[in-house]
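Below, each chain spelled out in residue letters.
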Amino acid sequence: MTHPLLSVRSVSKRFGNIQAVNDVSFDVQQGEILGLIGPNGSGKSTLFNCLLGQYQPDSGSVALKGSNITGKSPSELNLLGIGRTFQQLSVFPEMTVIDNVILAGQEHSGSMISRLFGSPDAGLTKAAEKLIGFFKISHLRDEPAGSLSYGQQKLLDAAMAFMAEPSLVLLDEPAGGVNLTMLGNLKERLQAFNSEFGTTFVVIEHNMEFVMSLCSRIIVLAEGSVIAEGTPEEIRSNQTVIDAYLGA
Amino acid sequence: MKFTKRNLWLLIGLALLILAPIGQGRYIVYTLTSWLVFSIAAMGLNLTLGYAGQISLAQSAFMAVGAYITALLTLNGIHWIVAMPIAVLSSFVLGLLIGFPALRVKGHFLAFVTLAFTTLVFLVLRNEDWLTGGPYGLSGMPRPDFGLFNTGKNINFYYFTVFIFVIFSLLMYQIVRSPWGRAFKGLRENEIRAESLGVNTRRITLLAFAIGSAAGGLAGSLMTPLVQFIEPGSFALLHSLRILLMVIVGGAGFFFGPVVGAGVVIMLPEVLRFTEGYYLMIYAVTVVVLIIFCPKGLVGLGEIISRKILKKKEVRKDFEQGAKL
Amino acid sequence: MFKQIAGASALMLAMASPVHAVDIAIVAELSGGGAPAGTQYRDGIMLAIEEINASGGILGEKIKVTQHDTQTDPQISKGLVTKAIDDGAYVIMGTVYSSSTIVNMFEAMNAGVPQIVGAEAPNITQKGNPYVFRTAYGAHRGVPSLTGYFRDNLKAKKVAVTWVNNEFGKGGHDVFVAEMKKAGINVIADIPSEAGAADFAADVSRLKSAGADAVFVYLHEEESARFLKEAKKQGLKTPLVGEVTLTGQKVIDLAGDAANGAVAHVGLTAQANVKSIQDFGKKFSAKYGHQTDHNGIKGYIGMWAVKYVTEMNGAFDQKKFADKMHGLCLDVNKHPNMLLTTCWDKDGELARESFMVEVQNGKQVVTTTVAAAK
Amino acid sequence: MEQLIQVVLSGLATGSIYALAAIGFTLIWQAAQTVNFAQGEFVMLPAFFVLIGINFLGMPLWLAMLFGLALSVLILGVAFKRILVDPLLSHGGLSLIIATMAVAILMKELVKEFYSAEAQPYPALVPQGAWDLSGVIISLQDISHLIICFVVIVGLTLFLDKTKVGRCMQAAAQNAAVAEILGVNVKRMILYTFVVNAVLATLASFLITPVYLAKFSSGEYLGLIAFIAAIVGGFNQVRGALAGGLLIGVLDNITATYITAEYRQAIPLLLLIAVILFKPEGILGKPEGRAV
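Protein chains in written order, with my numbering: chain A, 1 to 248; chain B, 1 to 325; chain C, 1 to 374; chain D, 1 to 292.
With the rest of the complex left out, here is chain A (with noise of 0.2 angstroms):
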């Protein structure tokens, strides 16, 4: 049998009196965009940080086409094939975008010996110039990652993102704060990863509009647990998803 690409398993995480997550489980099948939506404080970070190793689920499990990655650390599921961004900007501000880059994928080339006395960029310039091209920032190339603007730092976390060519990649709010333009080509950007290279997403995103317009699947989060899942146009017009909104 053939296992989904992610599969989640009743993941529970309580901190103090809340309970921030609460039996949430889903599958993730290869190929897709998955949405992940739902009103301020209804455990989507939270949830993705016990999926990408930061916390650790007080139960439940998570595995990786079929084998279990728990309580993994955030690196280990890195080297997995797991790529993920940030809600806040996280890009590494005092190195040039090339080397954000490079960093982004260097880990998983060579071992630790040669990464110390071999090839100084670990042979990964090239792909790196080409990400970034593919981002559209190559002019940015040799400037330190802190002076390019917002929505250029959120296209250069993406990037790093899938540097290391990860088969699954959780963008956290990609589209926060960034100007219409940005967006139009950050949506196309991971449409063309999707389709090209058949990258499976899973997308936190407030943006309703590019949500809707670039998943083909949302699960809906309220207080902790799933209250609706399916297609964007079966979550439109879903009265208990309208309510949570409202509710909030």
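Treat the hints with care, since some could be wrong.
[As the list claims (entries may be wrong)] To give a feel for the contact side, a few chain B residues facing chain A, derived at Cβ under 8 angstroms:
| id | residue |
| --- | --- |
| 1 | Gly107 |
| 2 | His108 |
| 3 | Ser178 |
| 4 | Trp180 |
| 5 | Arg182 |
| 6 | Ala183 |
| 7 | Glu191 |
| 8 | Ser196 |
| 9 | Val199 |
| 10 | Thr201 |
Source of the hints: derived by calculation from the structure; they are not laboratory data.
Keep in mind it's a predicted model, so treat the numbers as computed, not measured.
Using N, Cα and C, we set each Cβ at its ideal position, and we do this for glycine too.
Starting from the known structure of chain A, arrange chains B, C and D on it as the hints suggest.
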């Protein structure tokens, strides 16, 4: 190696190092040697602090470890060339052990742990006199003799130190520009992001700490034959702070920042000697002013100035890379 | 940069004195932990130089002096001694801290420059260095003078020792323990404390319960004062006996009436019932506005010894200077500024009469004079 | 047994002064998220202000103490905050740490150069005197140190919890952004924190200098031990600093009496390492939430 502007500067620097002691008295030679020794220690701390962002107040303790191990071995007839690697390796291993707290705690707390370690090392050196000579210290350590080249004379020892310094700098340069160096910087600038990109931050933190410590051990290993007398007080907490000051004053995160910083910290008392009792005050005020107005240290300041003077973009980038490596 | 500054200071000094000058380098603890001792030593030397220059200098040449601050760091002191040698110093004065002297004295020895030190650790004169000379005898000379006091005056059978755990204190401690062993007296409590220690409650409490017949106290001045205050607070009745640092004027000022009853063997004291020393004390406080301690006297007589010995030789010859000082006695009647008759043996170790003092009503009172050790 | 009681009592008395200095640490930590490496010198300096008042300005002791307090508030509170902390806060913690180290050097050198390198006697606030309770000596000084320290800490806790200014200070320290929105003048509250620290340091100075003597270097060890006390007790709690101070005071004395004098200094340091590794929030501290 391509013949670039940066390489030209490095060659000029090397030539100056070779020419500097010629015709100078022993004091200048001694001071220059001690500058290079402290530069090695400070460059090590710069890797830990400036590149990897881990605050350590233990560099003088690692110097002590290197110095005492070298002293005990060479006093027992073992050649420096054998004693030194043992001293460096011991510092490295100890650095790994002390680095473990760095995995649990960050920032200030790491500073406290390393501070405590420095004082503990001092107490052991002072109290265990059966091994370390206690408060009297150890003396009479020989300077290494390489057959054709005996470092007994001060000037010879200076060139020997230059040789070690150059080898060390090349090694350090290799580390800093390797993917390891990039991972260290990633750790400093955004640890969580680095980890999400597959960097094993635990291992990289430990390595940054241990390599920096090993450099401290190497500096100590040179200190022993330089001064030919070591005692616990020379490695007390104050000296860790002094090395930290060298890194900050010179410019943390710049490859040659600590070398500049060590020069300033060692030479400044001498330059300000005409102010008699006031030089430490001037020194303290200078540090505060420097930190307030130029938090990136002297090399950082130099970069800003040269960027303003050399408006041409090509030149600027070249310099920037050269300084930051 | 160095040359400019050296040039500038030379220029300034040149304006103040004739062209020919004898170079004296003071290398002392002017900052850091040793500053109280080092600055006193320096002040004593500067007072002597002022007097010597006023009376025509040495062999008719005015003294030119440079001051070097070791920051109480042995490694820096080593550098500064070589600097003084490079600059052509005739004699190096200092350092006061033994930890520094032991590092830097070999530089002076190798260069053949006489060095007059304030250091008191025994090992300084035990390394066969023919160029090092003390201004106060080492602990191995001072502490044994107390053995008789413990054995005969106090009739002690068991004693305790409390000492500062650095090279100064350990030197005294080791000599004391060896002396007691020779005299058949048991050391029943052995309590080290840190330099700069402030809280002596535990130390005194241990001494109280130890039940010793007497306590040997070998601490620096300030620690002595804190110790005496705590001893008084806890009502420690055991006789407290020490070396010079236990009963100095500084200690009495700081400890107040807690110092009363403390007994010490003192090599140099501004309170000695010797007119020359008292006169010196007055001159010193008139010039500097604070009292001298034994370090001030050490610097003063050390500098005067340089003048006397050089003039005996009739030339500025460093080798002859060192040779002359070995086995030399400077009689105070002929050399009044030595304050006391002072002799040096073949190792540069010093011998001079000394005093047993007791603090009575806040004053150091000399009870007996101890003849110079042979 | 008498010895044990004696040692514990002495330890508590000394520890209470460590606590006063440690509280300042915790307050500044909360308000500015930085460590003041000059804290020991903050305790050393006010005693010299008083001595200047007495010896050079001819003031009676009480006036000299007020003079010392005023100078401390001005220099160690307001000027320290305005000149050093404000411009450096944005540069990150390390710059501020180095700057406070430099300030420590500056203060020591100023005192040494313009007053004296030698220790000075200092008038005691509390008269000499002691009771002898079957072998245990209880001095008036020790008891009053303990009492003053407790009164101050209770007072400070009440001030922080019960008064409007105190609550605003706490709010500003815990979450400056939210406090700002709620209309708290965060900048002023942080300034108040530095002033309170200066007052506490001055008080510690008045109490401890008669014992420690006024000397330029007397803050070195005190600063170290105070921050060990602060971390051990809990860096974000006033009562944590109290507990830490008392614990270190007692432990130090017990170690020196019964275990080892040579390694006396090591015990607080080992305790520090153990606490940082296994309970980094301190014995009485609250865990600080770590943002991801």
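Status of each hint after checking the structure:
The interface hint given for Gly107 of chain B is broken, as the beta carbon of that residue sits about 18 angstroms from the closest beta carbon of chain A, more than 8 angstroms. Restraint check, His108 of chain B versus chain A: the minimum CB separation of about 22 angstroms is more than 8 angstroms; hint violated. This hint holds: Ser178 of chain B has a C-beta 5 angstroms from the nearest C-beta of chain A, less than the 8 angstroms allowed. Residue-level restraint check for Trp180 of chain B holds (minimum Cβ-Cβ distance to chain A is 5 angstroms; threshold 8 angstroms).
Because the beta carbon of Arg182 of chain B sits about 5 angstroms from the nearest beta carbon in chain A, less than 8 angstroms, this interface hint is met. Against a cut-off of 8 angstroms between C-beta atoms, the interface hint on Ala183 of chain B holds, since the closest Cβ of chain A lies about 7 angstroms away. For Glu191 of chain B, the shortest C-beta to C-beta distance to chain A is roughly 10 angstroms, which exceeds 8 angstroms, and the interface hint is violated. Here the hint on Ser196 of chain B is kept, as its CB sits about 5 angstroms from the closest CB of chain A, short of 8 angstroms.
With its C-beta approaching chain A no nearer than about 6 angstroms, Val199 of chain B sits inside the 8 angstroms limit, and its interface hint holds. Because the closest C-beta pair between Thr201 of chain B and chain A is about 7 angstroms apart, less than 8 angstroms, the hint holds.
Of the numbered hints listed earlier, those contradicted by the structure are 1, 2 and 7.
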